[in-house]
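Construct the entire structure; sequences and hints are all you get.
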Amino acid sequence: MKTANKENMSKSKKVDKEQLDDLYQFTIKHFVEHYDLQTELVDHLANDIESIWEKNPDLPYEDARDKAFKKFGVFGFMNAVEQRQKAMHKRYLKFLWTELKQWFTLPKAIKTAAFFIIIYVAFTSSLFSYFIFAFYGVVCIWSFVKSVQLKRQFKRRKEVSNKKWMLEEIIFKQAGGSVLLLMSQLPSLYNLSDNLFTNFYFILGFSVFSTLFFLWLYISFLILPQKAEELLNKTYPEFCV
Amino acid sequence: MANNKLYKGSLITIILKLLDEGGKMYGYEITQKVKVITKGKLKITEGALYPALHKLEADGMLDVEVEKVDNRLRKYYKLTEKGSKETNSKLQELQDYIKTMQLLVNPKFSLD
Numbered sequence: 001m002k003t004a005n006k007e008n009m010s011k012s013k014k015v016d017k018e019q020l021d022d023l024y025q026f027t028i029k030h031f032v033e034h035y036d037l038q039t040e041l042v043d044h045l046a047n048d049i050e051s052i053w054e055k056n057p058d059l060p061y062e063d064a065r066d067k068a069f070k071k072f073g074v075f076g077f078m079n080a081v082e083q084r085q086k087a088m089h090k091r092y093l094k095f096l097w098t099e100l101k102q103w104f105t106l107p108k109a110i111k112t113a114a115f116f117i118i119i120y121v122a123f124t125s126s127l128f129s130y131f132i133f134a135f136y137g138v139v140c141i142w143s144f145v146k147s148v149q150l151k152r153q154f155k156r157r158k159e160v161s162n163k164k165w166m167l168e169e170i171i172f173k174q175a176g177g178s179v180l181l182l183m184s185q186l187p188s189l190y191n192l193s194d195n196l197f198t199n200f201y202f203i204l205g206f207s208v209f210s211t212l213f214f215l216w217l218y219i220s221f222l223i224l225p226q227k228a229e230e231l232l233n234k235t236y237p238e239f240c241v
Numbered sequence: 001m002a003n004n005k006l007y008k009g010s011l012i013t014i015i016l017k018l019l020d021e022g023g024k025m026y027g028y029e030i031t032q033k034v035k036v037i038t039k040g041k042l043k044i045t046e047g048a049l050y051p052a053l054h055k056l057e058a059d060g061m062l063d064v065e066v067e068k069v070d071n072r073l074r075k076y077y078k079l080t081e082k083g084s085k086e087t088n089s090k091l092q093e094l095q096d097y098i099k100t101m102q103l104l105v106n107p108k109f110s111l112d
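Residue numbers (the working numbering), protein chains in the order written: chain V, 1 to 241; chain F, 1 to 112.
Zero decoy hints are in this set.
Taking beta-carbon pairs under 8 Å as the criterion, some of the chain V residues facing chain F (in silico):
1) G73
2) Q83
3) R84
Don't read these hints as lab results, they were simulated from the structure. Cβ coordinates follow ideal geometry from the N, Cα and C atoms, glycine included.
Dropping the structure here:
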């Protein structure tokens, strides 16, 4: 009778609240920073721990947890984190692309065309070199300021929610990646021959590039952060961020 | 114990097929279901399962929903319309592959 009771008890042995908190900490220790992925992995580990307890009810929690973690292989949660990051970047680029397309449909296309014409006229003028450095200089400074502002905003959001979402981090912290790329390429503008700026196709191409580049920065630094809540709710409807 | 390397290329198809039959499922459930169906011959490793699920989700094949079960949150996956179509095409691909392999492994000789 006693054995039967023990069996029934062991079958219902569940991971408790304290142990769940420990599992969240355990995933953080193993480089899973984001709440959505942590939640999924915590549930998986908890399920496996409970299954291990069904066969071996006396096994201490820590041992059962480590046994469950070992099944993830030598790389632990790394593969899952990596794939999740790839998936989120893909999603972010999709949001960026959706916004960008709007600037080529009416009514926003008028603004894009006007911007392009201004740039084209400036780059074909005799003072083109000044305009280029003024344009890219202003863009660099503006991007740097926005990047710092967004990082601060992200920090404040963290203080409020205490949870980190992968997409949120990409929107607020990684938008500046493209600017670093631009800054590294800026000195090479010096090396461009002045003759190139007498070539119609080169100026046209350079103006198109500059317009697209500005739109890209404008969307990633201003529009997407403004729409962050909407995008996060769209991405994580299950969590109601 | 089956050679897991042979199953590696079919992981996506296995996941899609299970979701097609089981409706919505969560990660741990998928690993256990495969173990039961194959009588323990095939074990989907956790290190491979979640990257595959996240890739399918990013490609728009899977939808997710979260439910509170016991005292914790559980993430369920289910097929989208695109995922259902992909399941059929992946299963067809797999069946063609099996047929081709059978021709190679077990060729039927005839006098014709």
